[in-house]
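Based on these hints, arrange chain B on the given structure of chain A.
2 protein chains.
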Amino acid sequence: MSVETIAPETRAAIIAAVQDGFAGQVDFLSEFTAIRSRRHCEGEALDFMARALHARGWEVDDWTVETQNLSDEPGFVDCAGEVPSVRSVVGTLEGAGEGRSLILQGHVDVVPEGPDAMWQVPPYAPHVRDGWMYGRGAGDMKAGKVAALFAVEALRRAGYVPKGRLHYQSVVEEESSGLGALATLARGYRADCAFIPEPTGLGLVRAQVGAIWFRLKVRGRPAHVAYAGTGASAITAAMHLMGALQEMEAAWNAEAAAHPWYKGVAHPLTFNAGWIEGGDWASSLPAWCDVECRMGVLPGDDVAARKARIEAVVAEAAARHPFLCDTPPEIEWHGFQADGFVLEGAEAPEAALAVAHEAATGQVGPEDQIWTALTDTRFYGLYHGIPALCYGPTAESIHGFDERVDLGSVQRCTEVIALFIAEWCGLRAV
Amino acid sequence: MSVETIAPETRAAIIAAVQDGFAGQVDFLSEFTAIRSRRHCEGEALDFMARALHARGWEVDDWTVETQNLSDEPGFVDCAGEVPSVRSVVGTLEGAGEGRSLILQGHVDVVPEGPDAMWQVPPYAPHVRDGWMYGRGAGDMKAGKVAALFAVEALRRAGYVPKGRLHYQSVVEEESSGLGALATLARGYRADCAFIPEPTGLGLVRAQVGAIWFRLKVRGRPAHVAYAGTGASAITAAMHLMGALQEMEAAWNAEAAAHPWYKGVAHPLTFNAGWIEGGDWASSLPAWCDVECRMGVLPGDDVAARKARIEAVVAEAAARHPFLCDTPPEIEWHGFQADGFVLEGAEAPEAALAVAHEAATGQVGPEDQIWTALTDTRFYGLYHGIPALCYGPTAESIHGFDERVDLGSVQRCTEVIALFIAEWCGLRAV
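Same order as they appear, the protein sequences are chains A and B.
Position one of the first sequence corresponds to residue 1 (my numbering), numbered consecutively onward.
Position one of the second sequence corresponds to residue 431 (my numbering), numbered consecutively onward.
What the hints contain is simulated information worked out from the structure, not anything from laboratory work.
Owing to the predicted nature of the structure, the values given are computational and were not obtained by experimental measurement.
Glycine is no exception: its CB is placed at the ideal position from the N, C-alpha and C atoms.
Check each hint, because a few of them may be wrong.
Quick list of simulated restraints, FRET-style, between CB atoms [claimed, not checked]:
no.: 1; chain 1: A; residue 1: G243; chain 2: B; residue 2: C755; range: 14 to 22 Å
no.: 2; chain 1: B; residue 1: A555; chain 2: A; residue 2: D72; range: 29 to 37 Å
no.: 3; chain 1: B; residue 1: D457; chain 2: A; residue 2: A312; range: 50 to 58 Å
no.: 4; chain 1: A; residue 1: G243; chain 2: B; residue 2: P690; range: 32 to 40 Å
no.: 5; chain 1: B; residue 1: W493; chain 2: A; residue 2: R129; range: 48 to 56 Å
no.: 6; chain 1: B; residue 1: K647; chain 2: A; residue 2: E255; range: 44 to 52 Å
no.: 7; chain 1: B; residue 1: A749; chain 2: A; residue 2: A257; range: 40 to 48 Å
no.: 8; chain 1: A; residue 1: A80; chain 2: B; residue 2: S515; range: 42 to 50 Å
no.: 9; chain 1: A; residue 1: A308; chain 2: B; residue 2: E797; range: 35 to 43 Å
If we take Cβ atoms under 7 Å as the criterion, some of the chain B residues that face chain A in the derived model are [to be verified]:
no.: 10; residue: I436
no.: 11; residue: V456
no.: 12; residue: P542
no.: 13; residue: I706
no.: 14; residue: G708
no.: 15; residue: G709
no.: 16; residue: D710
no.: 17; residue: S714
no.: 18; residue: P716
no.: 19; residue: D720
no.: 20; residue: R724
no.: 21; residue: I800
Chain A on its own, in the form it takes in the complex:
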């Protein structure tokens, strides 16, 4: 498939239109970033997006599906029942006809911000300083998401509508399971390409890891610390399990040295104990401790087999422990059971992206990235054969304090997306 390269003056007009709209785009991004759209609390962000689509003339599909009704979809996870339903908002522009269709997808969920005191600025009072916008979610991935919407606006402002159909999709659960992306595919949305503007620093994600989430629930019989037997503390028992999982992490990383995509990456697979809570009193031997964990897997790894290995590591460590041997921990699979993914067979949209990237940035590119994180692209590419590009602005400290996005890169990214739509979907002057 050849790329229909648009005329240089059209490109210049599109880039100028992005520039003209950029102050308004930053205001919109700031308003969107101010919404604390954490897991299970994404409603206001979805409302915001639905209103924005209505106001811009998109046809809006705003629906909620019971999670259990998604269970036949490839990539489904039940999150230990903790996500009873999934709401999504999809805007559609039917297009002027005869062009390739495109899904512009982005998630509205953000990860917890942690203690406000550890931020230099409040996490939900977005703030621009030295060309960066600060705020939880500004980088991951509200800036990219807003860029995609304003890219379409810029095309209109420049006097064009895309020929191919566009779906602008706002999803949840990207940070925890992918059930949002899965819900849109279950609804029947398909296109010739999917584009997800996660913060890639204007690079293209070539390969990404998968991830497995699990919660260790250590339980026992507590006592006054005066009667503490050795090894009966649920907190120290949890430490013992975490030590065994760190050994597993080292072994899996050693195996990764043979992987075609990850052999050059130092420590591609991370075990992370990201959340721990146990006990409630300094002088009571703690009888319970929960640890929420994440472990990476490589593209090509069988997730079910990796889960079995995690179970075996935990069971073996418990068997060696004086207290856990009688009271083994429960494992709850409460989120990601996600495959890794490598972008392949996407030459046509990649060529269109290369044209757009060079036109906007003046650089040949984009550069390939081998990611140690994951995105929703796997649902499109791995399970539905839809080429799925992940490309977006430059962010720092995502999932950390003082998360921020470089507004210069946001403007470039908006130009690239607009030009990509032009190349991929085609344009008709209005």
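Below, chain B without anything else, positioned relative to chain A:
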């Protein structure tokens, strides 16, 4: 000082009076145990005790002192400012004259109950089964506290009033700092003996450990787990510190093998990480982790020197750690900084207790106990030269789930306390 042993028929009348009042005592204990008097929430329990004292004709002193105004008292701790004030309720019966005075002290605070699901019965819906009352605080130490009040009632019912002055003291903070006992001493309450009916299984606490509480606050700069450098997780950093403190625990216990009172006790000093909280998301590298810790000390140990050793252990462990070496943890001393204590020079009240114990139980005793926990006795014995006896009923699973107290032992204990008052304070028939 010789013991004024009372007549056998008087004893029999007192024991009968305890029996007569016991059903009402169990009801009263049940009502008292139903109050969830956790740290910072002891008001309702103190109100309950003040009402009970008023109704029984005690003179009641119910006061609150700013904690900072206690700072000159021996044994003071500031709890990192987390206890701004201390309320106490003391009832006084002036006595018929010419007898030895007595403080009957007990704490109303209870430790957290943990998840309700781990109890067979709800922790604040006291329940009697097979002669045991179940409920948080039933054993530690509401049953003993109520026994002391009903012991005085039994004397009255038998037709006697004590010759010596009685102070019935309800205090807070026994489980965390001892500031309640300290507040009563600062108020000026003194007596010839203090008696604290903690659950000792009708034994006498001869020696008790001290304890030091401290909170480790590990802080760092977090990141998406994709960018996790080795050792940057606050949770794994906290695990590293806990490992170093467990090594310290082993060393201190090895030293304890030379202690005159504790050389025969296996593992007298317990390090306990009783409460941990860190991070908030499986896929975010945790940037903070707090651990509340308790470490025991022996009678004769210098608490300030032991605190310095804890600080050194934490500092050395931090210096060895790739992340903590630049960001050492904070240590907050948020509770106990308590000396150990050995009961010595209390021959007179011990003789009175032996008479009472034998009269009520038919056994020679009570047996000495070497405790690996602590009580408020240290304030009376160590800092004010008041002989302080700790003797009370039989409880199980204190600080654990399904905490319970043996009601048979509660009745025996009530008899012993009534007889002890008779022996110690003397009686006058009314």
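### Task
Report the numbers of all earlier hints that the structure fails to satisfy, in ascending order.
2, 6, 7, 9, 10, 11, 19 and 21
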